[in-house]
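*Asks:* The lines below spell out each chain.
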Amino acid sequence: MSDHGMFGAEGSGDTSGYGGLVRSAASTGSSERPYGGYFDDVADDLERAYPDFADAIERVVVDRGELTLHVKREKLVEVAKILRDKLLFEMCLGVSGVHYPADVNRELHAVYPLLSMTHNRRIRIEVSIPDSDPHLPSLVEVWAGNNWNERETFDMFGIIFDGHPGLTRILMPDDWRGHPQRKDYPLGGIPVEYKGATVPPPNERRSYR
Amino acid sequence: MTTFSDPYASSRETTEGTVFSVTGGDWDSLVTEIGATKEERVVVNMGPQHPSTHGVLRLVLELEGETVTELRCGVGYLHTGIEKNAEYRSWTQGVTFVTRMDYLAPLFNETAYCLGVEKLLGITNDVPERASVIRVMMMEFNRISSHMVALGTGALELGALSPMIFCFREREKVLDVFELIAGLRMNLAYVRPGGVAQDLPAGALPKLRETVKELRRDFKDNDKLLIGNTIWMKRTEGIGYLDLAGCTTLGITGPVLRSTGMPWDLRKLQPYSGYENYNFDVVTADTCDVYGRFLIRMNELEQSLRIIEQCIDKLEKLEGAPVMVADKKIAWPAQLALGGDGLGNSLDHIREIMGTSMESLIHHFKLVTEGFRVPAGQVYSAVESPRGEMGVHLVSDGGTKPYRVHFREPSFNNLQATAAMCEGSLIADIIGAVASIDPVMGGVDR
Numbered sequence: 052m053s054d055h056g057m058f059g060a061e062g063s064g065d066t067s068g069y070g071g072l073v074r075s076a077a078s079t080g081s082s083e084r085p086y087g088g089y090f091d092d093v094a095d096d097l098e099r100a101y102p103d104f105a106d107a108i109e110r111v112v113v114d115r116g117e118l119t120l121h122v123k124r125e126k127l128v129e130v131a132k133i134l135r136d137k138l139l140f141e142m143c144l145g146v147s148g149v150h151y152p153a154d155v156n157r158e159l160h161a162v163y164p165l166l167s168m169t170h171n172r173r174i175r176i177e178v179s180i181p182d183s184d185p186h187l188p189s190l191v192e193v194w195a196g197n198n199w200n201e202r203e204t205f206d207m208f209g210i211i212f213d214g215h216p217g218l219t220r221i222l223m224p225d226d227w228r229g230h231p232q233r234k235d236y237p238l239g240g241i242p243v244e245y246k247g248a249t250v251p252p253p254n255e256r257r258s259y260r
Numbered sequence: 003m004t005t006f007s008d009p010y011a012s013s014r015e016t017t018e019g020t021v022f023s024v025t026g027g028d029w030d031s032l033v034t035e036i037g038a039t040k041e042e043r044v045v046v047n048m049g050p051q052h053p054s055t056h057g058v059l060r061l062v063l064e065l066e067g068e069t070v071t072e073l074r075c076g077v078g079y080l081h082t083g084i085e086k087n088a089e090y091r092s093w094t095q096g097v098t099f100v101t102r103m104d105y106l107a108p109l110f111n112e113t114a115y116c117l118g119v120e121k122l123l124g125i126t127n128d129v130p131e132r133a134s135v136i137r138v139m140m141m142e143f144n145r146i147s148s149h150m151v152a153l154g155t156g157a158l159e160l161g162a163l164s165p166m167i168f169c170f171r172e173r174e175k176v177l178d179v180f181e182l183i184a185g186l187r188m189n190l191a192y193v194r195p196g197g198v199a200q201d202l203p204a205g206a207l208p209k210l211r212e213t214v215k216e217l218r219r220d221f222k223d224n225d226k227l228l229i230g231n232t233i234w235m236k237r238t239e240g241i242g243y244l245d246l247a248g249c250t251t252l253g254i255t256g257p258v259l260r261s262t263g264m265p266w267d268l269r270k271l272q273p274y275s276g277y278e279n280y281n282f283d284v285v286t287a288d289t290c291d292v293y294g295r296f297l298i299r300m301n302e303l304e305q306s307l308r309i310i311e312q313c314i315d316k317l318e319k320l321e322g323a324p325v326m327v328a329d330k331k332i333a334w335p336a337q338l339a340l341g342g343d344g345l346g347n348s349l350d351h352i353r354e355i356m357g358t359s360m361e362s363l364i365h366h367f368k369l370v371t372e373g374f375r376v377p378a379g380q381v382y383s384a385v386e387s388p389r390g391e392m393g394v395h396l397v398s399d400g401g402t403k404p405y406r407v408h409f410r411e412p413s414f415n416n417l418q419a420t421a422a423m424c425e426g427s428l429i430a431d432i433i434g435a436v437a438s439i440d441p442v443m444g445g446v447d448r
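Those protein sequences? They're chains A and B, same order as listed.
Note that my numbering has the first sequence beginning at 52, numbered continuously upward.
Note that my numbering has the second sequence beginning at 3, numbered continuously upward.
One or more hints might be untrue.
[To be verified] With a straight-line cut-off of 25 Å between C-alpha atoms, the simulated BS3-like cross-links for lysine-lysine are:
| hint | chain 1 | residue 1 | chain 2 | residue 2 |
| --- | --- | --- | --- | --- |
| 1 | A | Lys-246 | B | Lys-368 |
| 2 | B | Lys-316 | B | Lys-209 |
| 3 | A | Lys-246 | A | Lys-234 |
| 4 | B | Lys-316 | B | Lys-215 |
| 5 | A | Lys-234 | B | Lys-86 |
| 6 | B | Lys-331 | B | Lys-368 |
None of these hints come from the bench; they were simulated from the model.
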């Protein structure tokens, strides 16, 4: 499945030339070895240091020169500790939530970019959890700096980080209802009149696919 | 239901429960009330409207005498929902949003975002060299203007008024450079996916050389005022201590990390936009304190000037080279023109699309209203901003709008170190410690 050209036209609708882009659907499978660069070393080291590797890591994805380990949520803390202590990923650069309402039973994703200053390496771990049970183990005990980031992700996506020392809202007011960056939370806005024409709010404008 | 009473808030009973009204009280009555209790402990709010907390930062301090026993930060007063809003705009419009996050380092926001979009598009290597050199030059100018605010306001907050005057004089020169090149002084939206919005105006390079010369001369005024100044040393040496272990576990980057002696600078270690082609040094200190971070910022100014000079040399050789990718399906169609009143539409371009070529009009219309499509996937791209690692996590679903834009803001992460730096110190030293972190609340709250 792929589209040709930047304007998304299929067949012969696009008369303005070929844009050079080949778009493929996001891969859902694991990447094949060799991953390239230091990614093979990271995977080998982790397999050696962590006997449960095959069970805990659902997929290993290499895309655009970045390595993503999809980890089961039950094993997240174990994997994080091994990555920090054995593979020397000393720094976790926060957590970013992503809401995929179409990904049934894996609607909420949490993405943790990791940095190893010793080896000058970067990888990413990703955990997917269902909307109906939005719990994740907190990584504050592994990387203390994740404290505010987890609060932000709770605030914006409603992911509950079990074991967090004080999971409260951080950016929105304490009595706010809902989690604003979820896809089912409307952006809001009002139509604006300009020179007699009405411009609809951004979330009601046409969306191009 | 238990009834609570609070010396800081009056309360009344309602059907829903006790309602507390937290208002500013009369200091005398508060002192009398506190005097009646046995406890020495006082809880004080510092901010969010406080001239010395670097913006709308609220610090909740628990004090014993003048010693801080516990400190908590309250943030979120400047939350603007930029990340959410960006999901409803095209990838190019996103630049205009993200430039407003950390408003003292707009070019770093833009560049980090655009590097991410380019990585998603797979055109990282197609960005013309001239565009990369301009990006580097603008970022280094921006680093100077940002450090000038950090130093000037930091000194002001500690009671030193004169450095502020010098720092803002220098910052003004940098903002003039921005105005010359991009037409705007802040929130430039100058860096675009695929390149930059507009080439340098004619005759810009000699002016830039002149500015570099003036800046190098005038930086000495601040050196003379502060380096080795006894009062300044007493307010900064040994204050806000945070060592390497503390930095790594709290995810602290930038000058705070480099003040522990760790030469961690993404420009050197994970170069982007061609930073590997420039000669410059990573400035470190080994004191782990406010003075060390101050020295790092002062010395980084000279390194930025060195990079800018190399950029100007390169730009002279690259005169007339393109500043936007060749792929017309990504490159923004309007070649803007810089007029007396700022950046505006190019009359030549309007003549072409309105008068001569219908295909150009269609092309322009499609690209501006729909935008370009970005292949599905996710990336993380990071740049070394004046405050540390500015990371961008971008997710695309293959459409013309971002599916998710997340900024890993260095201010947000670094601010977590406030408690570690300040607990056990005096109230007055909090100001110095917060100033040395240099948080920008627009970036913290996004």
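*Asks:* Does each hint fit the structure? Answer for all of them.
*Replies:* How the hints compare with the structure:
no.	hint	result
1	A:Lys-246 with B:Lys-368	23 Å, holds
2	B:Lys-316 with B:Lys-209	15 Å, holds
3	A:Lys-246 with A:Lys-234	33 Å, violated
4	B:Lys-316 with B:Lys-215	18 Å, holds
5	A:Lys-234 with B:Lys-86	9 Å, holds
6	B:Lys-331 with B:Lys-368	10 Å, holds
Comparing the model with each numbered hint stated earlier shows that hint 3 is the single one that does not hold.
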